[in-house]
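K.L.:
Using the sequences and the hints, build the whole thing.
Quick note: to get the working numbering, add 113 to the position in the sequence shown (first position is 1).
Just so you know, these hints were derived from the structure itself, not from any lab.
The beta carbon of each residue, even a glycine, is placed where N, CA and C say it ideally should be.
Among the clues, some could well be false.
Claimed, not checked - Each pair of labels, with its calculated beta carbon distance range:
1) Leu179 to Thr264: 15 to 21 Å
2) Asp454 to Asp335: 33 to 39 Å
3) Arg208 to Asp327: 39 to 45 Å
Said to hold, decoys possible - Think about it this way: if two alpha-carbon atoms lie no more than 35 Å apart in a straight line, the pair counts; the simulated DSBU-like pairs of lysine-lysine are:
4) Lys470 to Lys182
5) Lys350 to Lys476
6) Lys470 to Lys350
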Amino acid sequence: MSRRPLYPHQYQLHNPLSPSPDSPLDPAAASAATGRFMRGYTNGDDALLMHARYLAVADGVGSWNLREKGYPALWSRLLVHYFSIGCERFFNRSRRKKREDSTLNAKAVDEEDVDIKGVLNDAFNAVVKATATRTDNVVIGKSRAIDALPTSASQRFHGTTTFTGCILHGNRLYVVNVGDSHCLVLRPSHVPPPDAGEDSRFLLRTTEQWHYFDCPRQLGTDSPDTPLGNAVVSSVKVENGDIVVLATDGLLDNLWEEEVVSIILRTLSIATAGGTGADGWEAGEIEQMMKKRGKTLEEGVNVAFREYLAGVDIGGEDDGGELMTSVAAELVKAAKVVATDPYTESPWMERAVEEGKGAQGGKLDDISVVIGRVIGVPDVA
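P.N.:
Laid out in C-alpha cells, this is it:
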C-alpha cells in the first residue's frame, strides 16, 4: 500500500524501552536496550501508524486527561508502536520460512492466515507491562481471569484506547477492531447496481462496538475489554487500486458514509484527470446520470465518478503517497468543517437524538485518517 503521513516531522516521542522487531515484546526487561523512537504519530489523544504492509489508528479516551495519572495519548501511541513491532515479527517469520525450507511453496507462505488478533493481544500485553507499576508483572493471557486486567492500582500511567489495524499479506487484507474507530475498503471503479443497498458502498466496513452511547469498547485501565475477548477480525481479498481508509470516530461522527465516498472519488477523479473534467461532470453528466440511475444527488455524483474511474488505472506505481495524502487531507478538512459547526446536522447528532440525548451540530473531536492505496498485490484467482 502506498502511504504517507501528513506531518511526519511532528510528535516523534522517544521511548528507551522499545525492543527491536526480533526481540520479545517485554519492555519491563528492556532497560539496557538502546533508545529508539516510538513508531507512529500522535494527533491529540489519537495515534496513527503508516507502513507499506500495515496501518493502524488508535483513539485515546480523552476523559482520562481529567485524572491525575491519566495519559490516554500515551496508551494509544504505545499500542500502535507495539502493534508495528508485532507486524514486523510476523513478516520476519514469513521470510525465514521461505529461506530455511527450500521445498516450501512461496505461494503457500503468502497465503498463510495472519493471526492479527494475536498480534494485537501481544501489543496490548506490552503496553500493560510498560505502563505498570515497577513491582507489578501483569501478563494478559487466554486463561487469565478478569482480575489480571490493568487497573488503576496496578498501573503507573492510566488510560484506555480504541484500536483499528490492518495487515496486507498476499492479496488479502486482515483487519482487527476494538471500539468505534473504522476501517473502510473501497474499490473506486466498482459501480453498484441501481437497486444496491448501503452495504455495496464498501468491500469491507468494520462495525462499531459500544458499551452504551458515546462509550465504545476500549483497551486499558479498568476496562473489561481485551483483544482476545472483544476484538473483531475480518478479512477481504483486495486488488490493485483499492483504497483502504482507517479513521478514528471523529471522521464518521461528522461525515455520512456517502459523503466520505464522494470526497474520495471526487479527489481521485480530479487528480487522475490532471485537474480537468470537473466542470463537465458538474455541468451536465451527473444530472443525466442521476436521471438514468434514479439516485439522490450524492449517490448520482458517486456513480458518475465510479464510471469515470473504471477506465483509469489507479493501481500503478507508488507515487510517494502524494495522491493518498490529498485524499486524507480532503476528508479531514470536510470533517473539521462539520465538527466546528454548532448548528449543522451530523451523524453523531442523529445518533444522539435516537438515544434521547440533547445534541446539535458536529462533534468536536480529534480527527485522524490514514489511507493506503493497494499496489503490487499478486493477481490470484
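K.L.:
Determine for every hint whether it applies to the structure shown.
P.N.:
A quick look at each hint next to the structure:
In this structure the supplied range 15 to 21 Å holds for Leu179 paired with Thr264, their Cβ-Cβ distance being about 18 Å. The hinted range of 33 to 39 Å is satisfied by Asp454 and Asp335, whose Cβ atoms lie roughly 34 Å apart. Separated by about 43 Å at the C-beta atoms, Arg208 and Asp327 satisfy the suggested range of 39 to 45 Å. Distance restraint check for Lys470 and Lys182: the Cα-Cα separation of roughly 30 Å lies within the 35 Å cut-off, and the hinted pair is therefore satisfied.
Between Lys350 and Lys476 the CA atoms are separated by roughly 34 Å; this keeps the pair inside 35 Å, and the hint holds. Using a Cα cut-off of 35 Å, the hinted pair Lys470 and Lys350 is violated, with the two alpha carbons roughly 40 Å apart.
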